[in-house]
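Undergrad: Read off the chains here:
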Amino acid sequence: MIEGLVSGFFQAVSPDVFPFLLVGAVFGLLIGVIPGLSGHFAMAMVIPFLYTMEPGPGIAFLLGAHSTVAQGGGLTAILFSTPGTGQNAATLLDGPPMRDKGLAGLATGAALASCFLGALFGAIALVLLIPVLQQVVLFFGPPEIFVLAILALTFVAVLGRQDLTRSMIAGLSGLLLAMVGVDNVTNQERFTLGLLDLRDGLALVPVILGLFAVAEIIHLWMRGSFAGGTATITHSAKETQKQIFQGIGAAFRHWWLVLRCSAIGATMGLIPGLGSAPAAFVAYGHAKQSSKSKDTFGKGNIEGVIGSEAANDAVEGGALASTIAFGIPGSSSMGILLAGFFILGLETGPNMITYNVDIVFLMLFAIVFGNLIGTVIGLFLVNPLSRATGLRASILVPVLLAVVFTGAFAVHRSGFDIGVAIAFGVLGYLMKELGYSRAAMLIGFVLGSAVEKNLYLALQLSGPYFLLDPIPLALAIITLVFLGYNVWTIIRDKRRVKDHA
Amino acid sequence: MHDEQHLAKTDNRVDAKNEPDKITLELCFISVISLIVAVAFISALGYEIVSARTPIVIMVPLIILIGAQFVRAIKASRIVDVSSVLSTVAKGNSKTFNRAAGLIGWMAFLLALIIVAGHYVGIAIVMFILLRLISKEELLFSLVLTTGVTIVIFVLFELGFDIELHRGAIFRIWAGDAGL
Chain A
1 MIEGLVSGFF
11 QAVSPDVFPF
21 LLVGAVFGLL
31 IGVIPGLSGH
41 FAMAMVIPFL
51 YTMEPGPGIA
61 FLLGAHSTVA
71 QGGGLTAILF
81 STPGTGQNAA
91 TLLDGPPMRD
101 KGLAGLATGA
111 ALASCFLGAL
121 FGAIALVLLI
131 PVLQQVVLFF
141 GPPEIFVLAI
151 LALTFVAVLG
161 RQDLTRSMIA
171 GLSGLLLAMV
181 GVDNVTNQER
191 FTLGLLDLRD
201 GLALVPVILG
211 LFAVAEIIHL
221 WMRGSFAGGT
231 ATITHSAKET
241 QKQIFQGIGA
251 AFRHWWLVLR
261 CSAIGATMGL
271 IPGLGSAPAA
281 FVAYGHAKQS
291 SKSKDTFGKG
301 NIEGVIGSEA
311 ANDAVEGGAL
321 ASTIAFGIPG
331 SSSMGILLAG
341 FFILGLETGP
351 NMITYNVDIV
361 FLMLFAIVFG
371 NLIGTVIGLF
381 LVNPLSRATG
391 LRASILVPVL
401 LAVVFTGAFA
411 VHRSGFDIGV
421 AIAFGVLGYL
431 MKELGYSRAA
441 MLIGFVLGSA
451 VEKNLYLALQ
461 LSGPYFLLDP
471 IPLALAIITL
481 VFLGYNVWTI
491 IRDKRRVKDH
501 A
Chain B
502 MHDEQHLAKT
512 DNRVDAKNEP
522 DKITLELCFI
532 SVISLIVAVA
542 FISALGYEIV
552 SARTPIVIMV
562 PLIILIGAQF
572 VRAIKASRIV
582 DVSSVLSTVA
592 KGNSKTFNRA
602 AGLIGWMAFL
612 LALIIVAGHY
622 VGIAIVMFIL
632 LRLISKEELL
642 FSLVLTTGVT
652 IVIFVLFELG
662 FDIELHRGAI
672 FRIWAGDAGL
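Chains A and B, in that order, give the protein sequences. Here this note's numbering is used: the first sequence runs in plain steps of one and ends on residue 501. Here this note's numbering is used: the second sequence runs in plain steps of one and ends on residue 681.
It should be emphasised that the hints constitute simulated quantities derived from the structure, not laboratory data. There could be a bad hint or two in this list.
The calculated lysine to any residue pairs, modelled on SDA-like cross-linking and capped at a C-alpha distance of 20 Å, are [said to hold, decoys possible]:
1) Lys498/A to Ser578/B
2) Lys494/A to Ala577/B
3) Lys523/B to Ile395/A
4) Lys453/A to Val185/A
5) Lys523/B to Val561/B
6) Lys596/B to His219/A
7) Lys432/A to Arg600/B
8) Lys637/B to Ile395/A
9) Lys498/A to Lys576/B
10) Lys453/A to Arg554/B
11) Lys432/A to Ser535/B
12) Lys101/A to Ser293/A
13) Lys637/B to Leu430/A
14) Lys523/B to Thr165/A
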């Protein structure tokens, strides 16, 4: 493991990899500060380039972009009361009040440093989890992976912010979409409409670009006017910078709070479907509960910013653990990441965690260094970066459209893929508007072939009673109890609302 | 946290009741999805058992859930509102629908242009139209941005990543290659 750690570190800082990490981190930060363009947008935009890259630079590029999005989103949450990404929503509670008191630099400095420290904690948590995961994955064969995938999809559908029925529809539709193409076992064409382009199934890149990039572009276009808020920083760049350094110092002074909130984030990251936003709110609640000055929360308490920002970056370490160990992504960003691994030819699961542990460490260092780059850039470029939020949708949309269409085409040099991106863009936009979980659909789509393959193997190996083996049975019971409990609580709440009415 | 989630879900439904546009959109959305799934289900019945097994296992609960959601949407809607929204859209008086359909139309036009005239010509023309004609940006700004982005894409994809973008059917036929 030490060998893997050293190898991962030297790969991350090597001249072949580091420039991609830098470019990815800057790109992620820029996307993060533009409200309306989520972290998924940044990751989706990076995916088409992976086809021409080696695994090392590809991982660095992808995770570099992913790791700094939250930092950029934190900046806009504080400066413009508009979170760049959903995971920064908790920062809105105390960030903008601090800005209104003339402490914008202090809040952004604390947010940037907390993000970095949170990511570092998440990475360390993952390192500590690796030996445990190496043992656990050995118990997971096809029957276990099949039931685990269903469990993860159920968690994503239930714990997501959207309505349960709609999320289940989205998840199952994603699984169904993965069935398009020639069945590897029987050579039977399924749902191809006789089109040659669909024989290999729907390509991952245009589907991801459609669901998360084209859909956001349509949303931006419909919203019109400015992408972000209109507030401006009242301080000079020098004064802001001074405050930022003080904010960084404050984050380090509150190290115990950072540690606790990061632990909350990393633990919640392990649970598929929870994601960063709930972790940030739970951490915020904890910071408030454990603070000596509870009354000032919501009125500009720096602890509120530190707690939520530390948690939303620490989530990544935990989320990465289940993704790389079992190949089961717990969120849409992990789904895109898993798709990126497929493109780079990396196999998740026991192989990666046992024989390619250097790749796992490369991921960790990419996340840590990506956050460090984001912090350093944020230190000096808060004022100019904040201007990116003033970009009008009318300017952004044509530019993004050109780039996204080029990305969709570039993978297979196919106009058909652009058509797929448009179709999924419309679908993604409608899903966003109507509250259907795009994360559940993507995870269903990414997991679809693994679900089918593992079901086939499970039936071949253990017959139809594979569900009665101890681990699959336990996982199936957890799935049913979890689903049943949530359905029961919905019915109960409905009754309560009726009774009150 | 669960209580908050369920409260939010309940709130969503209350909001939805006040939004005939969204209810109508959802009814249309669900109708199209159910049609697609129904066709897929019938197709799957004709496949070999091994190939049909997983899709059917997925589609059975999917059809039940779609049915349940359709009933919910119907219950939350009023026929008068739905028909009013549909007739507004059909008459071309819905600004939201027109704006979204307009952008999707431009996307389809961009795809057609890329196939016929090539990638660079396509993105340059559509970018310029969206910037100058639709969004009324200044002429010089529109020209500079269009040219700049096209050059950046060329440098990034062709020189940086060695990815040759589509030159267009006209160019390829001219060059003696009939493929699109």
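Undergrad: Please write out, lowest number first, the hints stated earlier that are contradicted by the structure.
TA: Hints 3, 5, 13 are the ones this structure does not satisfy, whereas the remaining hints hold.
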